[in-house]
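**Q** Sequence:
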Amino acid sequence: MPQATAPPTGQSSVAASPGSGADAPPPADAHPSVGAPASPSGGRTGSEFAPLLRIVREQGLLERRTDWYARGILLNLLALAAVVTGTVLAGGSWWALSLAPPLALFSTRTAFFAHDAGHSQITADRRTGRIIQLLHANLLLGMSQEWWNDKHNRHHANPNHVDKDPDVAADILVFTQRQAVGRAGFRGLLTRHQAWLFFPLTTLEGLALKIYGFRAVFSAPSGEGPRPSRRARSLEGLLLIAHVAGYVTLLLAAMPPVRALVFALIHQMLLGLHLGMAFAPNHKGMEMPDEERGKSWGHLRRQVLTSRNVRGGPVTDWLLGGLNYQIEHHLFPSMPRPHLRLAQPLVRAHCRALSLAYHETGLVESYRQALGHLREVGEPLRADGRG
Numbered sequence: 001m002p003q004a005t006a007p008p009t010g011q012s013s014v015a016a017s018p019g020s021g022a023d024a025p026p027p028a029d030a031h032p033s034v035g036a037p038a039s040p041s042g043g044r045t046g047s048e049f050a051p052l053l054r055i056v057r058e059q060g061l062l063e064r065r066t067d068w069y070a071r072g073i074l075l076n077l078l079a080l081a082a083v084v085t086g087t088v089l090a091g092g093s094w095w096a097l098s099l100a101p102p103l104a105l106f107s108t109r110t111a112f113f114a115h116d117a118g119h120s121q122i123t124a125d126r127r128t129g130r131i132i133q134l135l136h137a138n139l140l141l142g143m144s145q146e147w148w149n150d151k152h153n154r155h156h157a158n159p160n161h162v163d164k165d166p167d168v169a170a171d172i173l174v175f176t177q178r179q180a181v182g183r184a185g186f187r188g189l190l191t192r193h194q195a196w197l198f199f200p201l202t203t204l205e206g207l208a209l210k211i212y213g214f215r216a217v218f219s220a221p222s223g224e225g226p227r228p229s230r231r232a233r234s235l236e237g238l239l240l241i242a243h244v245a246g247y248v249t250l251l252l253a254a255m256p257p258v259r260a261l262v263f264a265l266i267h268q269m270l271l272g273l274h275l276g277m278a279f280a281p282n283h284k285g286m287e288m289p290d291e292e293r294g295k296s297w298g299h300l301r302r303q304v305l306t307s308r309n310v311r312g313g314p315v316t317d318w319l320l321g322g323l324n325y326q327i328e329h330h331l332f333p334s335m336p337r338p339h340l341r342l343a344q345p346l347v348r349a350h351c352r353a354l355s356l357a358y359h360e361t362g363l364v365e366s367y368r369q370a371l372g373h374l375r376e377v378g379e380p381l382r383a384d385g386r387g
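Take the sequence shown: its letter number 154 is residue 154 in full-length UniProt numbering, and every next letter is one higher.
Since the hints were made in silico from the structure, they are not lab data. Please note: incorrect hints may appear among the correct ones.
[Stated by the list, open to error] Lysine-lysine pairs mimicking DSSO-like chemistry, simulated, CA-CA at most 30 angstroms apart:
hint : residue 1 : residue 2
1    : Lys-164   : Lys-151
2    : Lys-210   : Lys-295
3    : Lys-151   : Lys-295
[As the list claims (entries may be wrong)] Cβ pair distances, simulated, as ranges:
hint : residue 1 : residue 2 : range
4    : Val-88    : Arg-293   : 24 to 34 angstroms
5    : Arg-127   : Lys-151   : 35 to 45 angstroms
6    : Leu-78    : Thr-249   : 47 to 57 angstroms
Each residue gets a CB set at the ideal place from its N, CA and C atoms; glycine is no exception.
Make the full structure from the sequences, and use the hints.
**A** So this is what it looks like as structure tokens:
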């Protein structure tokens, strides 16, 4: 049976550790404690989550699948190598641009493996997991592992929480009508039309991840979140620089500058779009707890009520990197990706027994709901003509 492991430094683990009866989510790389928080229901005692955790453990669904990941990572690296080789060989022709989409596809696969490594889904060994994530995130994608883990940990600890989840903080997009109040000018214009602009804006995500990562590694520590050692920051920085240097050198060696620029734009824009399509359905339009409800909900409700699953088969699983099982992933962050679909019937039945809403829809409908929420948030600005 799987055993809990200590949260590794530099890998995904929520800041709050579950204590005896404490209302805290389980560490992302350690199996959730049986002492999970109690239901807010007045007549119910004990944890709503513990019985589900027990059966999931008994069925071995929290055991790592290192063999599955080893095959997947090897195949992905071979695919990347094949695309890069083809790009070099075809660099003298504009036909080389046709290889930018498959490069974006396998770059997204690389991001999925980095995500899973950060959750300790691949291995329980902290050093090995960190190396895998550094190679996939920093070296192959140019994205800071430490920055991503800090941001993603806070999201997992309080998904869709209007004050604590960085993924719903007001920025280019806003996620509540309260956040939209007072936005004018260019930001107001974006908010009014953010539903239409969402997918076009995701084409910038690949570049944005690099910028955020470089800024986090090379700027002075802000005092928020973890403070990695100088050695860890230096290693991250070297890998980020190696990524940019290798990417630029390879393209310029393979093709003329203008063609290289077009290739890079297609690659990065499609990478961002694919990532956006994978992450967009997960939480947008679902429950957004405030401080009061956030404290009263236990782990089960905090994760289930704020998440949306996407129905589909093996192709959907592959394209979305298993994130279509968002509810199961949030309940059991260290559960290996191939086990998420096996856990789904158990989670659904448990929620049904508790009369707890379990939200699942088709892929197209999930986008409709997510964009509908963004459209609703911007409605007040459209109504009064602001922005």
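**Q** Take the hints in turn and mark each one as holding or not.
**A** To see whether the hints hold, each was checked on the structure:
1. Lys-164 with Lys-151: 11 angstroms, holds
2. Lys-210 with Lys-295: 34 angstroms, violated
3. Lys-151 with Lys-295: Between Lys-151 and Lys-295 the Cα gap is close to 20 angstroms, so the pair holds against 30 angstroms.
4. Val-88 with Arg-293: 24 to 34 angstroms: 54 angstroms, violated
5. Arg-127 with Lys-151: 35 to 45 angstroms: 22 angstroms, violated
6. Leu-78 with Thr-249: 47 to 57 angstroms: With a Cβ separation near 22 angstroms, Leu-78 and Thr-249 fall outside 47 to 57 angstroms, so the hint is violated.
Of the numbered hints stated above, those contradicted by the structure are hints 2, 4, 5 and 6, listed in ascending order.
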